[in-house]
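The opening residue of the sequence shown carries number 1 in the UniProt record's numbering; numbering runs sequentially from there.
Any given hint could turn out to be false.
[What the hints assert, rightly or not] Simulated crosslink set (DMTMM-like; lysine to aspartate or glutamate; CA at most 25 Å straight-line): (1) Lys-398 / Asp-354; (2) Lys-398 / Asp-371; (3) Lys-398 / Asp-352; (4) Lys-398 / Glu-297; (5) Lys-398 / Glu-314.
It is worth saying that the hints were derived from the structure and are not from the lab. Owing to the predicted nature of the structure, the values given are computational and were not obtained by experimental measurement.
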Amino acid sequence: MAAARSRGMPIWTADQWLDYVLNRDAARIQDVQWDETSGRLSFAFVSTPTLSFSHTLWLPQRFGTWEVREARVDGQLVPLMPQTLRGIPGVFLLLSPGSYGLEVSFGGQTPTPSPSPSVIPTSTPTSSPTPTGTPSPTPTFTPQPSPTPTATPSPRPSPTPTLPPVAWIQGSGGWSPASPVAGEPVTLTLILTNTGPTEARGLNVRSVLPPFATTRTCSPSPCQIEAAALSWWIDRLLPGQARILTGALDLQPEALGEFAVPTEVSSTETVLQGETRFTITASITALVDLILSGQVEPNPVIAGQPITFTVVLENTGPSTARTVQLEASWPPSLTLETCAPPCANMSGTRWDLDALSPGGQTVFRIGLRVDPDFTGIARLNVQARSATTETDPHTNSKQFDLQVLTRFRYRVFMPMILHTGPP
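All chains should be modelled from the sequences, with the hints used to inform the complete structure.
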């Protein structure tokens with residue numbers, strides 16, 4: 001209707017619609033070549049690949065004394081659908097959007113009979129005696145028959161090739177959830193539709209999986225789970241019928257980037273056209289939850305005594321944490337003596353980890369000594385960070401309080417007795 005309105009027509013009539021269908025593809029046909037000797041018509045057909053509909057290209061069935069025998073699209077034999085329009089016999093070709101090279105073969109040209117050779121008389125002279133007074137006889141011309149002409153056989157039209165059935169396949173699919181999470185299960189869904197014109201038989205659908213994905217189950221059966229692929233078999237798919245295929249997959253925790261699964265549909269019984277190769281893609285999301293725990297021993301502690309500060313960093317997943325940092329700090333009343341893994345000797349320290357797998361733990365131990373003159377509460381702080389998105393940022397920091405007691409000093413007093421009177 002949009003095409004009709006653009007031409008100022010409130011509605012199509014049958015003839016207007018037919019004119020539009022027959023002429024709309026004229027601009028898409030390029031490089032037309034005709035070979036009079038072989039009866040071969042070739043041209044290029046170019047259309048926008050983003051269009052969602054197929055093109056019906058109409059060709060006349062007869063061209064002069066020639067008649068259409070077969071058509072090939074990019075070298076592949078395609079079916080011819082006879083259709084008479086306005087009294088003119090023709091054939092339809094069904095083309096999906098894209099660029100193609102078409103070759104149409106014509107045959108059955110009526111040959112022009114070659115002329116039969118005519119009878120050419122020849123003369124045979126006879127020998128005459130020595131001339132005398134009697135006149136010599138007149139030469140007799142004996143007609144000789146010309147060779148019997150060999151009839152040139154008329155070329156017989158080549159038989160119309162038997163074409164296998166053709167079905168146009170439309171493939172699509174998606175993921176559940178729409179954004180797969182590394183380390184969690186995901187469901188792949190494929191939808192195959194046969195848009196006709198014939199039923200598709202013996203379909204083999206095969207999806208190739210990336211290294212970070214493994215298959216748990218697939219449906220419907222029959223289907224086969226391979227090391228890096230997933231296959232289904234479809235016995236028959238009628239025109240207009242759709243089939244839904246699913247596969248339950250597990251993503252490894254270190255999966256990252258784009259999740260692409262190329263799929264190919266093939267058949268040994270039916271010629272398939274359309275979307276026989278398509279790819280289902282999605283962006284992988286990585287999520288982690290870093291949790292800190294630990295303790296200070298002994299607590300409370302007497303001023304001047306050593307303490308051990310233990311910190312445990314855990315990733316509860318589901319994905320692998322990348323570029324992890326752990327920072328610890330303490331007040332000036334505490335002096336660093338040892339740390340494991342090794343760290344710098346300062347009022348605070350930091351450790352860097354390349355990655356931390358889900359369920360993995362890393363333990364950090366710090367040896368400190370309390371200032372002998374300090375009493376009260378000393379606060380120690382730790383915080384963890386990751387380049388991966390965290391589901392709960394409140395669990396990646398923690399504060400520990402250390403109670404420092406006064407150091408006792410003991411003095412010994414010797415009692416003295418004073419006598420003021422006589423003994």
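For each hint, the structure was consulted:
1. Lys-398 / Asp-354: holds (22 Å)
2. Lys-398 / Asp-371: holds (23 Å)
3. Lys-398 / Asp-352: Roughly 18 Å between the alpha carbons, so the hint for Lys-398 and Asp-352 holds.
4. Lys-398 / Glu-297: holds (16 Å)
5. Lys-398 / Glu-314: holds (13 Å)
Every hint, counting from the list given before, is met by this structure.
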